[in-house]
Amino acid sequence: MQNSANTALELPEPPLNGSLLSRLCQAVEGLSADQLNWASGYLAGLGAARPAGPTAAHETPVMTILYATHGGNARSIAEDLAESAGRRGFATRLASAEQYRPRDLPKERLLMVVICTQGEGEPPDSARELFKYLNGKKPPQLTDLQYAIFGLGDSSYEHFCQAGKDLDELLRACGARTLVDRVDADIDFNVHTEEWSRHILEKAEQDMPADLARVIPIQRTSASRRYDRNHPYRAELLESRRITTSDALSEVHHLSLEIDGNAIRYRPGDSVGVYFRNDPALIEEVLCLTGLSGDATVNLNGDSLTLAQALDERLELTQLHPRVASAWATLAGDPELSALNKDSDTWRNFTGERQLIDLLQAYPASLEAEGLVKLLHPQQPRLYSIASSQAVSEDEIHLTVSTLRYRAHGRDHLGGASGYLTGRIAEGDSLDIYVAENPAFRLPEAGDTPIVMVGAGTGIAPYRAFLQERAELGSTGRNWLVFGNRRFHRDFLYQTDWLKFRKDGLLNRVSLAFSRDAGDGAYVQTRLDEEAAELYRWLEEGAHLYVCGCVEMEMAVRLTLQKIAQTQGSLSDEDAAEYIESLREQGRYQRDVY
Amino acid sequence: MDIQVNPSEIIKANSRYLRGTLKESIADPVTGALSPDDAQISKFHGFYQQDDRDQRLQRQEQFLEPYYSFMLRARLPGGICTPKQWLTIDAVARELGNGTIRLTTRQTFQYHGILKKNLKPLIQGINRAMIDSISGCGDVNRNVLCNPNPEHSALHAEVYQWALRISEHLLPKTRAYHEIWLDGEPVAGGESEPLYGETYLPRKFKTAVAIPPENDVDVYTNDLGFVAIAAADRLEGFNVLAGGGMGATHDDTSTFPRLADELGFIRPEQALAVAEAVVSVQRDYGDRVSRRHARLKYTIERMGLPAFIGEVQQRAGLRFEETRPVRFSGQGDRYGWVEDEGGRWHLTLYIESGRIADHSGASLMSGLREIAEIHQGDFRITPNQNLTVAGVPEEQRKRIEGIARRHGLLAEERSPTRLASIACVALPTCPQAMAEAERYFPDFLHQIEDMAARHGIDQQAIVMRMTGCPNGCARPYVAEIGLVGKGPGRYNLQLGGDGIGLRLNRLYRKNLSEGQLLETLDGLFQQYAADRLQDERFGDFVIRSGVVKPVIKPAEDYHDTD
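Chains G and W supply the protein sequences, listed in that same order.
Here the first sequence is numbered in my numbering, starting from 47 and rising by one per residue.
Here the second sequence is numbered in my numbering, starting from 3 and rising by one per residue.
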């Protein structure tokens, strides 16, 4: 028998900890054994190529860059800043807001935050913990902290860039100082990011002792080439088919895009941003109404092209932004229109229910080609939840697209992107896309955690990805799908997939609500209500709940949930609200709303 | 010991006397279908799972399951119902079915397009009119036929009672139907099935009662037949027949249609015992491994007729007397007005393909409803998918005829061949269909009529029957011209029936397209027109002239080809 050593083995401090380690874990989640092996070799190679720097980075002030993203924009900006900072010799730490431990704040010296604002002025779900911490009873002392905020928002909403403004207030209240002034960027944020970045780095360099600068390489969590909103990936359309019946009210298509699985990685819960080309009929009409020629040469961000080309691919012709409408109102000089423009709420409502073409038709104005191009916004890519798991379809991205079609103001309207995706591209055509990560809508880390997936209409798309992934990984957690649409026979999206998952034992419970079917007429929240006891049981057992669909539907579901917590848990109004709140904090109530 | 048995036997045995998991299947909202086992068990309850085959492929591409719906077939012995019942039948079709009523070749009616969630309300709906669908389908005795025979009303009434009794006697005794659909109390102390046992019969079982000289029920095509023998309009007894059956499988010479053998004569009061005995012999000796060989006809071929008769006599506790002589005159319906011995009138209407619906050509459904609202007699569904308004007093004749004419229900101006011919449902709902029947036959007949006119034989009725598959639900094997579906747009051509239902026809040409069918028939019509004897039927002509050999003993000679 050997003598056991009495002295404890002293292990050196691992070079990867905290956020770096969690980033690495995130990057390798879902990889097979073979893939992990390959990755370890790859990293070893990377390491060999880089100079080993001294690790005493704790003496150098680290610039922490946080992003709270919705659709990937904030993340892109944060990453670009991190890269620039790294090249300038800063030690940086890049993290998504929900990965960041708020308790680390007092240790920070330099904090850059890129933050989106959601519809009602709230921060993205990923930043909730951070906000809660700063709003708490004992806010930290941050007098040593210098920060800068880049806020992303959309002035067609009422609470423009509110999250950024709130964060600014909160940090200031804790004694922190701004490095540079906060930026409240609208949807054309691209024009501001470089300047903000430069401004920050200049000021940060000024304040930093020169001899302590170090070059520390940045680890990227993705493949060497990163595709994003500004550098989209060209994907080919493999197939597109309509999956609602011809007599269904809604027109929904299932699309399959081809990607190189090495270049593009996505996870269940992510969306893709899609760039599209405008409807030729619409372009024709715009030209007609403005009296302009499509052949006119125009200048767009340094590119020289024809007006027709610009209208086709580069400019936003469907969604009408209040600022664009204002610019048009000035040109039109119509007294009625100008009157509406005086009050921002009125104006927001007015533009919210119109497309550009409605404005052009009702309030004519004359302008030159260059004028039109300057007036219009650049095309806004549209986001669609991914309906496939890359674990199953390595080289494909599946989308579920509903064609937006409606009649208003005396004419037919067609969605810009949806009209393109379901009506104007053919199999074999290519389109520009990028993966917009959605860190706030993820399967639980533990495969044996039960999940409840609530979706209406095309909101069911990410759940197809969830279940495909769970099936492939052999996750044992129980799965419950709650789905609502109009009619069982016409728009039960992906019915045969759910039947197969159920038959295979993966999908344990399915609750359905078809609002136009005789004898049903219910919505998803009705079903939740009816199955309250069962739902509460699942939640008590640790289930994660997901809601995907339109804003109104999520609100109705949340209210129902609260009611259920009250009745099933015998809780007061307040305690029930707290119960839901705590689910959100634990990351067990996640939503993807649009 | 290795006991091999058809999987359907296991399903029946495990079903706890036809309960299965029907309740759960009905309640499952995620699919419009029943579980596979329940889809077998449901047949005994009278309904059949179907899907719209026209939409199948497209829905598959749309990630949608087939468009499932159900066909329900009522039990209506002898096809008789009251006008009041008819109004309920009509209302239920419009509310819970696809808005049509389909009269069948076994004198009952079917609903199509019933959604799963509406099955229970529908069954409760017809139950309120005292109609059930027990053993409409499945491995049991099916609807008992009885010729509507309006002329001899007194005799008909007596014989009809026997048809009713036989139907009741051969009903499954399980309470499953009542429990599941009518919210009946579960039976305490277990259940049994004294006649059928827990695996019921190996296959379907068809019983018919005929009143000569009409053979519209095609009595010889049934597993069990009772031919009423009367003297001076009083029922003396029945000739008993056994072992008829229409089904066959394409290109399988071990399967064949067959006409029933005569067993002998019995007194009326012996009918139930005989029925029970025949059923029990089939229950015990029928093939439970291969369903295509499971009908009684094959059982008798295997046992040999003498052994079969012996077994039946022993179980029934009787000896058959000698078969009485019988004369049959035809297998079609007699349209229009017929007066019975009591001075009451009966009007047989023509319902194309038995499909009652309102459409631009004719408002059959509204018309029947209107008649039902004033009629004081009864309705009788005929074995040719038509309907007789029976028991009309003299003073109501004109009114009823007026309504019928207005709604296109009369047979007037239709060709004799069309009036003698029928087709089964086939597409889009029947899962067995290989080719069209109901949807195509009326148009096909136009071409036949033109052809007949060209050859000057358009006044001659030729019994033509079209089916979508070789199961033969529309009895194509006893037609003068049988068209049996083989594939999309393709039919086997059978020739040689006698127009009375006493002779099987024979396969003449295989797998013909429409063009080939018409060409072939054109040639035959030409021959017939030129060489027929006076009043000779087409089916008799093709036999006499040697176009096809008659089928004498199908087990031996049905598949003989020249």
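Quick caveat, the hints were computed from the structure, so don't treat them as lab data.
Some hints could be false.
Unchecked claim - Result set (DMTMM-like, lysine to aspartate or glutamate): computed pairs, CA atoms no more than 20 angstroms apart in a straight line: (1) W:Lys122 x G:Asp234; (2) W:Lys118 x W:Asp39; (3) W:Lys118 x G:Asp566; (4) G:Lys546 x W:Asp289; (5) G:Lys546 x W:Glu26.
Said to hold, decoys possible - Residues of chain G clear of chain W, computed beta-carbon distances all greater than 12 angstroms: (6) Leu82; (7) Leu89; (8) Arg174; (9) Val298; (10) Asn387; (11) Asp404; (12) Gly503; (13) Ala517; (14) Gly520; (15) Tyr569; (16) Glu620.
Backbone N, C-alpha and C fix where the C-beta goes; we use that ideal spot for every residue, glycine too.
Okay, the hints, checked on the actual structure:
1. W:Lys122 x G:Asp234: violated (60 angstroms)
2. W:Lys118 x W:Asp39: Judged against 20 angstroms, a Cα distance of about 15 angstroms means the pair holds.
3. W:Lys118 x G:Asp566: holds (14 angstroms)
4. G:Lys546 x W:Asp289: violated (36 angstroms)
5. G:Lys546 x W:Glu26: holds (18 angstroms)
6. Leu82: Leu82 of chain G clear of chain W: closest Cβ-Cβ about 34 angstroms, beyond 12 angstroms.
7. Leu89: With a cut-off of 12 angstroms, Leu89 of chain G remains clear of chain W, as the shortest Cβ separation is near 41 angstroms.
8. Arg174: holds (35 angstroms)
9. Val298: violated (9 angstroms)
10. Asn387: At about 46 angstroms from chain W, Asn387 of chain G clears the 12 angstroms cut-off, so the statement holds.
11. Asp404: Given that every Cβ of chain W is farther than 12 angstroms from that of Asp404 of chain G, nearest at about 34 angstroms, it holds.
12. Gly503: Its Cβ never comes within 12 angstroms of chain W, the nearest being 15 angstroms, so this holds.
13. Ala517: holds (16 angstroms)
14. Gly520: holds (23 angstroms)
15. Tyr569: holds (15 angstroms)
16. Glu620: holds (36 angstroms)
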